[in-house]
Amino acid sequence: MGACQSFRSLCDGPKNTNVRLSLPAVCFVWQTAMIILFGIFIRYNEEADTHWIEVRKEHNISSDIENDFYFRYPSFQDVHVMIFVGFGFLMTFLKRYSFGAVGFNFLIAAFGLQWALLMQGWFHSLDYADGKIKIGVENLINADFCVAGCLIAYGAVLGKVSPVQLLVLTLFGITLFAVEEYIILNLIHARDAGGSMVIHTFGAYYGLSISWMLYRPNLHQSSRLQGSVYHSDVFAMIGTLFLWMFWPSFNSAIADHGDGQHRAAINTYLALASTVLTTVAMSSLFQKHGKLDMVHIQNSTLAGGVAVGTAAEFMLMPYGSLIVGFCCGVVSTFGYIYLTPFMEKHLKIQDTCGIHNLHAMPGVIGGIVGAITAAAATESVYGKEGLANTFDFEGAYEHMLPSTQGGHQAAGLCVALCFGIGGGILVGIILRLPIWGDPADDNCFDDETYWEVPEDEESIPPVPQYNNHMRNKNVAESHFTMEQN
Amino acid sequence: MGACQSFRSLCDGPKNTNVRLSLPAVCFVWQTAMIILFGIFIRYNEEADTHWIEVRKEHNISSDIENDFYFRYPSFQDVHVMIFVGFGFLMTFLKRYSFGAVGFNFLIAAFGLQWALLMQGWFHSLDYADGKIKIGVENLINADFCVAGCLIAYGAVLGKVSPVQLLVLTLFGITLFAVEEYIILNLIHARDAGGSMVIHTFGAYYGLSISWMLYRPNLHQSSRLQGSVYHSDVFAMIGTLFLWMFWPSFNSAIADHGDGQHRAAINTYLALASTVLTTVAMSSLFQKHGKLDMVHIQNSTLAGGVAVGTAAEFMLMPYGSLIVGFCCGVVSTFGYIYLTPFMEKHLKIQDTCGIHNLHAMPGVIGGIVGAITAAAATESVYGKEGLANTFDFEGAYEHMLPSTQGGHQAAGLCVALCFGIGGGILVGIILRLPIWGDPADDNCFDDETYWEVPEDEESIPPVPQYNNHMRNKNVAESHFTMEQN
Amino acid sequence: MGACQSFRSLCDGPKNTNVRLSLPAVCFVWQTAMIILFGIFIRYNEEADTHWIEVRKEHNISSDIENDFYFRYPSFQDVHVMIFVGFGFLMTFLKRYSFGAVGFNFLIAAFGLQWALLMQGWFHSLDYADGKIKIGVENLINADFCVAGCLIAYGAVLGKVSPVQLLVLTLFGITLFAVEEYIILNLIHARDAGGSMVIHTFGAYYGLSISWMLYRPNLHQSSRLQGSVYHSDVFAMIGTLFLWMFWPSFNSAIADHGDGQHRAAINTYLALASTVLTTVAMSSLFQKHGKLDMVHIQNSTLAGGVAVGTAAEFMLMPYGSLIVGFCCGVVSTFGYIYLTPFMEKHLKIQDTCGIHNLHAMPGVIGGIVGAITAAAATESVYGKEGLANTFDFEGAYEHMLPSTQGGHQAAGLCVALCFGIGGGILVGIILRLPIWGDPADDNCFDDETYWEVPEDEESIPPVPQYNNHMRNKNVAESHFTMEQN
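Residue numbers (the numbering used here), protein chains in the order written: chain A, 2 to 486; chain B, 2 to 486; chain C, 2 to 486.
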């Protein structure tokens, strides 16, 4: 840590937040690279190719409705809304960082999903016959999932980094994600349809580690902007609700056709409902006068969805989902009240959106719930074929036992944690280089740094009324300042 | 009414709005009860269970796409958006009650849907073989529908009740709903796919009766907060539009597979389009200078969707839908202009959101339209099989005539009215008990009562500019007050 | 142009913006006409009619899931969201025209879609057996598409016209659209699933021509309202994101079942992702200090979706989509920076939302990309059957060559341009008549003109705090002015 400290002081020169060269350069170079790599590697899969009509005949598929598009496209669109509106608006709660929240979320998601299609494609959709990656709607969903990991990480550093840093964070994040996901799902053979481990645990610890590396001891200098205003809290509720409503689609989007998707949706629906009640209860219980805190309602109500991610496609049972949701509402709200301030003060982890409470802890809980549920699976509950289907006990895993599967699930959780923490520390070191245009401590949480911000609301339409109030004293002056705006 | 008056004066002591004990207690106890009851009663149905693969073989189902999930899940998600974003944001129009509108809507919906799964399950999805309720996606939709009734009722009392009162209102509301729905659909054999009677008529009269029981003669004390501001009206339009757009999914969500869902969507789409035009016409015609009123645009444009709820799955014909929409736009806007003030003044019914105009009258119209359309059905229009399918003339009802069905529809409407008014009065009496933490008359419509509200927008980001305007006079003072905030 | 000038001066009398008679009259008369015409002409098609059960047996359709409803309804709902929330909120960026943006968008969409069902129905869905138009979910999508053309045109004249003018613009716009679409798709046999030519090129030039005819030399008189405020930019991002997210559904909604819809969605997803990066790059590169401009992020990020509209269902290839998106982000942002001011100053075209950059140029690019992609199609890439399917080489066109198809595509683009410009000039002349209640130059962009606008936010809830700041000097006065509000 001594070396780290001195490295830190090296990096803390005066700040230049002008990204006029670096941001366009990264965007243009990267997009050009994407075009070239897509040209070399990416093609449509057989369900999206004009040869589909021949495939149908060959495989004796009676109707176009059997195309995977119709199984997954509605869920894909819901996930898409979660990524862009859900994550984007959830972060608009800060009084003067809504442009950055929605805009940079938009940028890094659009940037990341292209790289995700390539990285995940190489691992999962490579056609060895011609060396091409064949994509379809499931790849689009997975790319959105992959991006979600990075957007979670963005939540920890919201308002404290430059857009160029975010692109670097995303580039490495996607890469790490694809490797980690391949290890967990393919090598370890863990199941994780809703990504409690792969997406949430990884993404959250990745972001927290980066935030720890980028610790700003003087962040209190922008404390005037570290909070919400009335309308920004309402905007944030748009994000909360779209995340909450569409989470059943998130957890069921890539689950097995038929009962798998059906069950995952039901479990998530129930877990989320349960979380809302315990979040409200905790928020009221720990607040002076029993008043509710918008921070909890905006965030902790979602924890149940995170925590049933792994087990949603298992026979978790409706009451099991309610129990998971119950616990997560309590744990997550508790985290916002006690852990976030503790971590900032004692662990030097500044977590703007509280992703530790919304993604990290519930993600770990989700991994554990998944391991236990898998280990407890029996043929009497699942049916012989159902068990094999649900846990994909096929090929080399034909004779695998549920208890062993439980162990593999736990191993998967550990891998997600290691990749998150390890990767975050490495990327955090890179992001400390003084070349990325990050803001000074007193410019954090302020859209002025990277955006053309319009004149303030106060100064324009109410002008006549404003002048009214001071009709007798300040008219001349205020008119004068008006014209200068 | 004399007894009622004196009961009222008994209840009107000084108000304590601290819900720090009652709200968490209700949430925790209730959620625990739900877990226990779900553990005892609720299981997945055969389409969401891992045994689905065996069911498929048994019933010779050729593809997973036949799972009800794929017929109904997209509509379910649309309905889900209507419940949480639609109803929630529609009520954000008040200048300082957006947290309460969106937040309490969120709370009671999440609370209610669990109880609805149980209540409706006992009536409709109980598997007598093992005494378990078997749930699937259709149950989730019905739970959302059931909750909608209570959210409509919330519209009448918006801003005047405590969250604990809302939970009580919801608990009884769901219970009454499930009984009423069972009587109307199963005992009376009325059809009501979009719930004009079951949801809207019941919910609206339930809410209006409660509001009547909770009449506040001195509500004018918070009149400064009874209105919108510019931005809150725009937020409310988010609610309006999501309700308007997804209403075709609402009315078709549980209609028959195939032509039933298809027709219900078309009819609702057309009725809503027609309502927009007559609402705009009425709003402009009755306003000084022909200016449009946001209250009408936000609410009355939806009345057509309510009113085709029952008949949407019948052969109402496209022009029939337009006619229903036409009338509802006129009636609903007229209600906002004349009836709401009349009811407040002369009937002592304070209806914050005007649910009488948006749900009660259009709901009754919808019930009547349904009865007429059913009574007028003929084999020449529907086809022999089509008639039996549409009205479910099977089993004991095999030889039922359309004209008789029309009578049953009308009987259903009466049941909905009775349950709404009767139930509302009873629950209203309970809610008058002085133990629920409801606000005083001058604290109504104010988020401060139950929420931690952030500092005002004015006082923070514009500070530098604000000081600018008074650079010469007030700098020292305003800096001083700033620091005290 | 001399005649045009003098006609202009004729029309520029004093303005009366009272629409209390004209607006209700148009709405009531039109809606009544719609009911009559729907009564005469419009019926359900066989998939939405109760006779569907017989159709199934006759055509040996094994399941209700084969009903077109299940192929297209999820896409329809996404398109519906784009029309009402997407277009509506995208235009809320102006500081005091959010009611007009969302509200008039709502009005003209609901008005237009009814007329579109009739106009398009006569051309495409007329059943010659009984002279009725038979509608189903695909007709609803096409009606929404048709309306989109007029909403694009609204973007050019936003804030400068009365609602009555908008209804006239829509009435003629829908009519022209239906004719133009019939010529392009049926007579010329061009393909245009996502409507680059039919919707965007036509709509944009229609709107620009109208704006040119309605040129206001003194528009600078309302320059105080021609801009955004912080929150209005966030509202506009709601529109941007819903348009961006659901554009894959827009371009795939009426594409061929199976691979056609699948491929169209993938191509659009990729093109849009690419556009975001180049838009951000251009915005930063051309702005002082490299700051991003919300105008570009809100609009230019969507240009890629417009430009793959025609070719989305072809084998454009994933890298092809990225290239199209890349170019459009550059061209569109460049347009906002240089072309829009140029056009206003030198061509007298005042384009409030910059539709020239978002729809006109990308639309033309899309038409050209479609022509090239079609001309370059080969059997080796598409497969023999795939080629015939994709370009609909059936019946009279059985032996058509891709190169010829390319020529037809180009011809289609020219027709769209001619109809847009020609139709716009004609309708513009009509809209100059001094009878429509359009606002004076200094009343543009102001909701006060046609809406009851609530009191300003400033003057109500913050009152106590506001007084605080001036406690020592202005208390008496400001209280006094408060009470006068």
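Check the hints yourself; a few may be wrong.
Identical chains blur together in the list; that is why a pair holds if it fits in one copy or across any two.
[Said to hold, decoys possible] Straight-line Cα separation of at most 25 Å, DMTMM-like style, residue types lysine to aspartate or glutamate; simulated pairs:
{"hint": "1", "residue 1": "LYS58", "residue 2": "GLU345"}
{"hint": "2", "residue 1": "LYS346", "residue 2": "ASP442"}
{"hint": "3", "residue 1": "LYS58", "residue 2": "ASP69"}
{"hint": "4", "residue 1": "LYS289", "residue 2": "GLU399"}
{"hint": "5", "residue 1": "LYS289", "residue 2": "GLU67"}
{"hint": "6", "residue 1": "LYS289", "residue 2": "GLU55"}
{"hint": "7", "residue 1": "LYS58", "residue 2": "ASP131"}
{"hint": "8", "residue 1": "LYS135", "residue 2": "ASP443"}
{"hint": "9", "residue 1": "LYS133", "residue 2": "ASP294"}
{"hint": "10", "residue 1": "LYS16", "residue 2": "GLU453"}
{"hint": "11", "residue 1": "LYS289", "residue 2": "GLU449"}
{"hint": "12", "residue 1": "LYS349", "residue 2": "ASP131"}
{"hint": "13", "residue 1": "LYS58", "residue 2": "GLU47"}
{"hint": "14", "residue 1": "LYS292", "residue 2": "GLU399"}
{"hint": "15", "residue 1": "LYS133", "residue 2": "GLU399"}
{"hint": "16", "residue 1": "LYS16", "residue 2": "ASP294"}
{"hint": "17", "residue 1": "LYS349", "residue 2": "ASP442"}
{"hint": "18", "residue 1": "LYS289", "residue 2": "GLU59"}
{"hint": "19", "residue 1": "LYS133", "residue 2": "GLU345"}
{"hint": "20", "residue 1": "LYS349", "residue 2": "GLU59"}
{"hint": "21", "residue 1": "LYS133", "residue 2": "ASP443"}
By construction, these hints were calculated from the structure, which means they are not laboratory data.
Each hint tested on the structure:
For the identical chains of this complex, LYS58 and GLU345 are neighbours neither inside a copy (61 Å) nor across copies (57 Å), given an alpha-carbon limit of 25 Å. Taking the shortest Cα distances, LYS346 and ASP442 sit within 25 Å of each other inside one copy (17 Å), while across copies they are farther apart (43 Å). In this assembly of identical chains, LYS58 and ASP69 lie within 25 Å of each other by CA distance both inside one copy and across copies; the values are 16 Å within and 21 Å between. Neither within a single protomer nor between protomers do LYS289 and GLU399 lie at most 25 Å apart by alpha-carbon distance, with minima of 57 Å and 63 Å respectively.
When the C-alpha separation of LYS289 and GLU67 is checked against a cutoff of 25 Å, the pair qualifies neither within a copy, at 56 Å, nor between copies, at 53 Å. When the C-alpha separation of LYS289 and GLU55 is checked against a cutoff of 25 Å, the pair qualifies neither within a copy, at 68 Å, nor between copies, at 55 Å. Only within a single protomer do LYS58 and ASP131 lie at most 25 Å apart by alpha-carbon distance; the minimum there is 23 Å, versus 37 Å between protomers. When the C-alpha separation of LYS135 and ASP443 is checked against a cutoff of 25 Å, the pair qualifies neither within a copy, at 48 Å, nor between copies, at 57 Å.
Taking the shortest alpha-carbon separations for LYS133 and ASP294, neither the intra-copy value of 51 Å nor the inter-copy value of 38 Å comes in at or below 25 Å. Proximity of LYS16 to GLU453 under the C-alpha cut-off of 25 Å is restricted to the intra-copy arrangement: shortest distance 19 Å within a copy versus 36 Å between copies. Taking the shortest alpha-carbon separations for LYS289 and GLU449, only the inter-copy value of 13 Å comes in at or below 25 Å, while the best intra-copy value is 35 Å. In this homomeric assembly, LYS349 and ASP131 never come within 25 Å of each other (Cα to Cα): the closest approach is 50 Å inside a single copy and 55 Å across copies.
For the homomeric pair LYS58 and GLU47, the shortest alpha-carbon distance inside one copy (12 Å) is at most 25 Å, but the shortest distance between copies (27 Å) is not. For a Cα distance limit of 25 Å, the shortest separation of LYS292 from GLU399 qualifies neither inside one copy, at 54 Å, nor across copies, at 57 Å. In this assembly of identical chains, LYS133 and GLU399 lie within 25 Å of each other by CA distance neither inside one copy nor across copies; the values are 29 Å within and 33 Å between. Taking the shortest Cα distances, LYS16 and ASP294 sit within 25 Å of each other only across copies (22 Å), while inside one copy they are farther apart (35 Å).
Proximity of LYS349 and ASP442 under a CA criterion of 25 Å is satisfied intra-copy only: 15 Å inside one chain copy versus 47 Å between copies. Taking the closest pair of Cα atoms, LYS289 and GLU59 never come within 25 Å of each other, the shortest separation being 68 Å inside a single copy and 59 Å across copies. Proximity of LYS133 and GLU345 under a CA criterion of 25 Å is satisfied in neither setting, with 47 Å inside one chain copy and 49 Å between copies. Within a single copy, LYS349 and GLU59 get their C-alpha atoms no closer than 61 Å, and across copies no closer than 60 Å, so neither meets the 25 Å cut-off.
For the identical chains of this complex, LYS133 and ASP443 are neighbours neither inside a copy (49 Å) nor across copies (60 Å), given an alpha-carbon limit of 25 Å.
Violated hints for the displayed structure, listed by number in ascending order: 1, 4, 5, 6, 8, 9, 12, 14, 15, 18, 19, 20 and 21.
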